[in-house]
Every structure is written in C-alpha cells, then in structure tokens.
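So the protein sequences, as listed, match chains A and B.
If you read the first sequence in this note's numbering, its first letter stands for residue 1, the second for the next number, and so on.
If you read the second sequence in this note's numbering, its first letter stands for residue 1001, the second for the next number, and so on.
Possibly wrong hints are sitting among the right ones.
To be verified - Example chain A residues on the side facing chain B (calculated, C-beta under 10 Å, incomplete):
(1) Y31
(2) Y62
(3) G66
(4) V67
(5) L170
These are calculated hints, taken from the structure and not from any lab test.
The structure presented is a predicted model; accordingly, all values stated were derived computationally and were not measured.
All C-beta atoms in this analysis are idealised placements derived from N, C-alpha and C, irrespective of residue type, glycine included.
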Amino acid sequence: MEQQERLLVERAQNDPLAFAALYEMYVDRVYNYIYQRTGNHSDAEDLTERTFLKAFMHLEHYMFRGVPFSAWLYRIAHNVVANWHRDRGRHRVVSLDALVAYGKDDEKPEDLTQAREEQRVLLDAIRRLPAERQQLLILKFSEGLTNARIAQIMGRTEGAIKSLYHRTLLALREELQKNKIG
Amino acid sequence: MEHKDVLEILAAHADQPNSGAISDAEYLQVPAEQRQELLLLLQLAEQVKGALAPVRPSPSYRRKLGLDLTEMARQRMSRDLLIAPSSPRKELIVGAAIGSAVALAGSIAYLVRTYIHTRSQHVGQART
Chain A
1 MEQQERLLVE RAQNDPLAFA ALYEMYVDRV YNYIYQRTGN HSDAEDLTER
51 TFLKAFMHLE HYMFRGVPFS AWLYRIAHNV VANWHRDRGR HRVVSLDALV
101 AYGKDDEKPE DLTQAREEQR VLLDAIRRLP AERQQLLILK FSEGLTNARI
151 AQIMGRTEGA IKSLYHRTLL ALREELQKNK IG
Chain B
1001 MEHKDVLEIL AAHADQPNSG AISDAEYLQV PAEQRQELLL LLQLAEQVKG
1051 ALAPVRPSPS YRRKLGLDLT EMARQRMSRD LLIAPSSPRK ELIVGAAIGS
1101 AVALAGSIAY LVRTYIHTRS QHVGQART
C-alpha cells in the first residue's frame, strides 16, 4: 500500500495529470474527515476542494522522509479545517445536516427516537473537544485507521496515541455527564 | 490514573469490529477498581463509532472536483511546455558567444604576433 502510494506520488510529481490517481484514492477519506469536523456537506465540499488544491500546488515540495503521502494530506486537511474554525471565530458548529436529520433543538424529545437524540448529544460533545482529540476519534472510528497510522499522521508515538485516546474517552464522558446535569 | 492494561485493552478494542465486547481474560487483567470504568469506556467507544459513521461525497461533486483538478493539471503542463523551448535557445546563444570570444581572442593573438614579428624584422634591418 505504502509502496504503491509512493509510486503514484512520484508519477504525479513528474506528470501533473497523474495526480488524478491520488485524488481518486483519497477523496472519500478526506471528505469524510472534513465532514466529521465541520458537520455539514456544504463546508465539507468547500474545504475538501481547498485541501486537494493545496496538495496539488505543493506536491513538488513533498518528500517521503518517513511521513506517508496520506499523512501529509490529512495534515493539510487538518490545517484547512483549523483555519476555517479560526476564520469563523470559533463559534459552535451547528450541523445543518444534523438538524435536517434529527429535527430542531426546540422540538419535543418525544418526536425524536431516543437513539437519535443520544447520538446528536454525543456528536455535539465530540465537536466540543479540542481539535486534536476530534481528529483522533475521526481517524480511529470513521476512517478505521490503526494506532500506528494515526501516530504517523499526528506526528506522535503509538504509545502517545493510546494515552491520548484514553484521555479523550474520559474527557468525552465528563462532557456528556456535564451536559446531562446542565 | 492511566493503567497500562486499560490503555492497551481500549486501544486494541478500538481496532476491532465489535469494540464494545471484552473477554473474561482481559476483564480479569485489569485491577478490580478499574473494571467498571473500563466497561463504561468501551461502551462509550462503541457509541462514538456509531455516531461517526463514514460519510461519502456526492458522485456529482466527486466527479466535478476531479475534472477541475485535471484541468488544472493540463494548464500546468501547457505552461511548462511553453517555458521548456527557451532552454535550447539559451544554450545556442551561450555557445555562439563563447565561439565569438574564442575567434576574437585568436585574431588579437594573430595581430600581436604579426606586430612583434614585423617589429623584430625592422630592428634586424636597422642593425645591418
């Protein structure tokens, strides 16, 4: 997989048209990552485009040096989302898609299924976590990446990722409990 | 406090399809006072997994962005091709300049040599 990725990158560095193969390989994953961070399709589309444009423009500067292309691409996506949050003044992200799916906040809970309501509360709590903890949960559960791969993407050791994962679950549980009490 | 076994079990289960389940052996591996907490965290992890179900872009968006990137790649290639022919021309100009300089240096050397030779002949004639 990594070898194939490196060959594709080398080709794309010499032939811009070959970038299409890298795009096909990663567009779904990058889109999913950004969607989970922003909570709506419109922003996910905009930021996915920005991510791939940046990758295309800077591909000639990419060198392997132990960081796989996918990790490099996720870092670009992560920075693009971080800038987007900063530009929006760090206000709370309300998912329009989630509102469509689950109904408005002021609707009576009995109109919603218990499971969906719990999921909405959980998603809200996840999006209140610090960016790196959200990134970890998305890469692990939505992208299905291993701890080793996540460590490469986040520039940490595998042990640090395991520890961060534990602390993230504890923080999330605390956040949920706070929400229940509040 | 982070117990090593708790970390390992949580990390291992996150990579499994049924991340909420735990074997008896794993359960007993953890200190008694942390077992309840481990079960709750595994349950939470399973819920997070369900909430973060993968989402895919629409096919039309996917195709359009792919076409846009291909168009950009084409533009970059045509721009590179426009720049490329200037290189051989530059080499020709440099070659011609070097050739001219060598020819000029040769002419000057010839003139200097001729001048010295003529002068020495004149000196010889004057002495005789």
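Here is what the structure says about each hint:
1. A least Cβ separation of about 4 Å between Y31 of chain A and chain B falls short of the 10 Å threshold, and the interface hint therefore holds.
2. Interface restraint check: Y62 of chain A against chain B, minimum CB-CB distance 16 Å, threshold 10 Å, status violated.
3. A least Cβ separation of about 22 Å between G66 of chain A and chain B goes past the 10 Å threshold, and the interface hint is therefore violated.
4. Violation of the interface hint for V67 of chain A is found here, the shortest Cβ-Cβ separation to chain B being roughly 21 Å, above the 10 Å cut-off.
5. Interface restraint check: L170 of chain A against chain B, minimum CB-CB distance 7 Å, threshold 10 Å, status holds.
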